[in-house]
Amino acid sequence: MSPVLAGVLQFLALAVALGLAYRPLGDYMARVYSSDKHLRVEKWIYKAIGANPSTEMRWPAYLRGVLAFSAVSVLFLYLMQRLQGSLPGSLGFVSIPADQAFNTAASFVANTNWQSYSGEQAMGHVVQTGGLAVQNFVSAAVGIAVAVALVRGFARSRTGELGNFWSDLVRGTVRILLPISVIGAVVLVACGAIQNFSGIHEVGQFMGGSQQWNGGAVASQEAIKELGTNGGGYFNANSAHPFENPNAFTNLFEIFLILVIPFALTRTFGKMVGSVKQGYAILATMVTIWVGFTALMMWTEFHHGGPAFDIAGGAMEGKENRFGVGGSSIFAVATTLTSTGAVDAFHSSFTGFGGGITMLGMQLGEIAPGGTGSGLYGMLIMAIIAVFIAGLMVGRTPEYLGKKIGTREIKFAACYILITPALVLLFTGAAMAMPSTLTSMTNSGAHGFSEVLYAYSSGANNNGSAFAGLNANTPWFNTSIGLAMLLGRFVPMVFVLALAGSLAEQKPIPATAGTLRTEKPLFTGLLVGTVMIVAGLTYFPALALGPLAEGLAS
Numbered sequence: 047m048s049p050v051l052a053g054v055l056q057f058l059a060l061a062v063a064l065g066l067a068y069r070p071l072g073d074y075m076a077r078v079y080s081s082d083k084h085l086r087v088e089k090w091i092y093k094a095i096g097a098n099p100s101t102e103m104r105w106p107a108y109l110r111g112v113l114a115f116s117a118v119s120v121l122f123l124y125l126m127q128r129l130q131g132s133l134p135g136s137l138g139f140v141s142i143p144a145d146q147a148f149n150t151a152a153s154f155v156a157n158t159n160w161q162s163y164s165g166e167q168a169m170g171h172v173v174q175t176g177g178l179a180v181q182n183f184v185s186a187a188v189g190i191a192v193a194v195a196l197v198r199g200f201a202r203s204r205t206g207e208l209g210n211f212w213s214d215l216v217r218g219t220v221r222i223l224l225p226i227s228v229i230g231a232v233v234l235v236a237c238g239a240i241q242n243f244s245g246i247h248e249v250g251q252f253m254g255g256s257q258q259w260n261g262g263a264v265a266s267q268e269a270i271k272e273l274g275t276n277g278g279g280y281f282n283a284n285s286a287h288p289f290e291n292p293n294a295f296t297n298l299f300e301i302f303l304i305l306v307i308p309f310a311l312t313r314t315f316g317k318m319v320g321s322v323k324q325g326y327a328i329l330a331t332m333v334t335i336w337v338g339f340t341a342l343m344m345w346t347e348f349h350h351g352g353p354a355f356d357i358a359g360g361a362m363e364g365k366e367n368r369f370g371v372g373g374s375s376i377f378a379v380a381t382t383l384t385s386t387g388a389v390d391a392f393h394s395s396f397t398g399f400g401g402g403i404t405m406l407g408m409q410l411g412e413i414a415p416g417g418t419g420s421g422l423y424g425m426l427i428m429a430i431i432a433v434f435i436a437g438l439m440v441g442r443t444p445e446y447l448g449k450k451i452g453t454r455e456i457k458f459a460a461c462y463i464l465i466t467p468a469l470v471l472l473f474t475g476a477a478m479a480m481p482s483t484l485t486s487m488t489n490s491g492a493h494g495f496s497e498v499l500y501a502y503s504s505g506a507n508n509n510g511s512a513f514a515g516l517n518a519n520t521p522w523f524n525t526s527i528g529l530a531m532l533l534g535r536f537v538p539m540v541f542v543l544a545l546a547g548s549l550a551e552q553k554p555i556p557a558t559a560g561t562l563r564t565e566k567p568l569f570t571g572l573l574v575g576t577v578m579i580v581a582g583l584t585y586f587p588a589l590a591l592g593p594l595a596e597g598l599a600s
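47 is the number of the first residue of the sequence shown in the numbering used here; add one for each residue after it.
It should be emphasised that the hints constitute simulated quantities derived from the structure, not laboratory data.
Ideal placement from N, C-alpha and C gives every residue a C-beta, glycine not left out.
With a straight-line cut-off of 30 Å between C-alpha atoms, the simulated DSSO-like cross-links for lysine-lysine are:
| id | residue 1 | residue 2 |
| --- | --- | --- |
| 1 | K83 | K323 |
| 2 | K566 | K457 |
| 3 | K553 | K323 |
| 4 | K553 | K457 |
| 5 | K83 | K553 |
Label pairs and their calculated CB-CB ranges:
| id | residue 1 | residue 2 | range |
| --- | --- | --- | --- |
| 6 | S132 | N367 | 41 to 49 Å |
| 7 | V235 | V50 | 30 to 38 Å |
| 8 | S244 | L583 | 46 to 54 Å |
| 9 | A341 | A559 | 37 to 45 Å |
Full structure from sequences and hints, please.
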């Protein structure tokens, strides 16, 4: 079987699996967030934290819950790392330096999971399982909760109430993320991923030195790392490490975990607003971009540029033989079009255009299908921009799902789409102006610039993957990327929740003959164009200096 055919068959198998899970999972999540009943374990949690899950919140109260919980999480995880040397199960590792501890705490709480350290050489079992793995669950649940609040804004009328943050947080963790992660961990263990609390083992002598491996609760963390679109790996090689990702089947299974909730949330959206066709329109937009990016990535990486590519069957540098070009291309697109950040190959070793595709996937806002929750609310923001543009073209007041998109709503949407590009471009410009950045860059020229641009695109968009080659473990990069991650995660949430509150207060507008049919293919095409144009106009100059210049020169 040719490598190209193998890659296509893997993609088709993945699409079928996602299609089978789409309806049952989407319907189940809609029931979870629409139910007024609480499980016994959930009642225990509410009692422990002192929350009343039946109290409805307006958007400022909902936002305060998000920010307060996240702030406490950052502080808790920071202290765990700073005290690691005194904790049991530390495997002899010392406490994490202050700037790196801040960066890591910000990273995992912001659902970014950017790592400026090698996991197997820095973090012990307690920090990994009691700190990082816990944030993998709750940061993902926070993202889904904010998305659900926005959906309620569309579904409700003449009220500013968006639900209860604490209830949404607990339900998302207990009823959705935990059970699926348990199943995912069992599958990974059955296929060869490790799951233990063993110490450090010397496995052999190599070139006059010894090689040491340490164990850990890898399978369980791997499952939620992918399912929650987190991405932080137990090992520095991340999902290219055989302890995390043993074979081609687990590679495809992990991609499935990355994509299944973000895609299924469009079904949840359709059910909660009372029109599954609206969910299908958002799904079609996401799928169109995802398929297009995957096809383009496969083409660039399978493109034969000489005898070495002919022999290898594609651009194999930096890729695992276990997965091949096809599996690595599908994984790279899935992880950068979502906020996952896991990698099974070095993105720096992709072709110039291939590296640019991974960067553009993040710069689109990771909305095809995006992160758990963040992908849905990001795409709904773009839908509001699209109906606003359509309204300008035909001279009508824009409407979406029976809600008028007025001055207030479009300001919130505009602020949302501007904040992340501003963070990426300003931090990248500041870094490139500093002489010390040159010592952190492995490469010069266009590729070196791509290393820095990728780092801030990954941080501000809460992706977490690295281009490789950049030494980001410096006070400047740890601090600046940490700030980019926090601002890129929580400032957009302010505008999302404010928009949700504004929509919920409106009374529904009846559809007329002139109302734009947002469930039709025409709107899907308009939405795809809006997404590509907004991102393209924003990032094209920076991309031209990095991956485009490198790709055209090769």
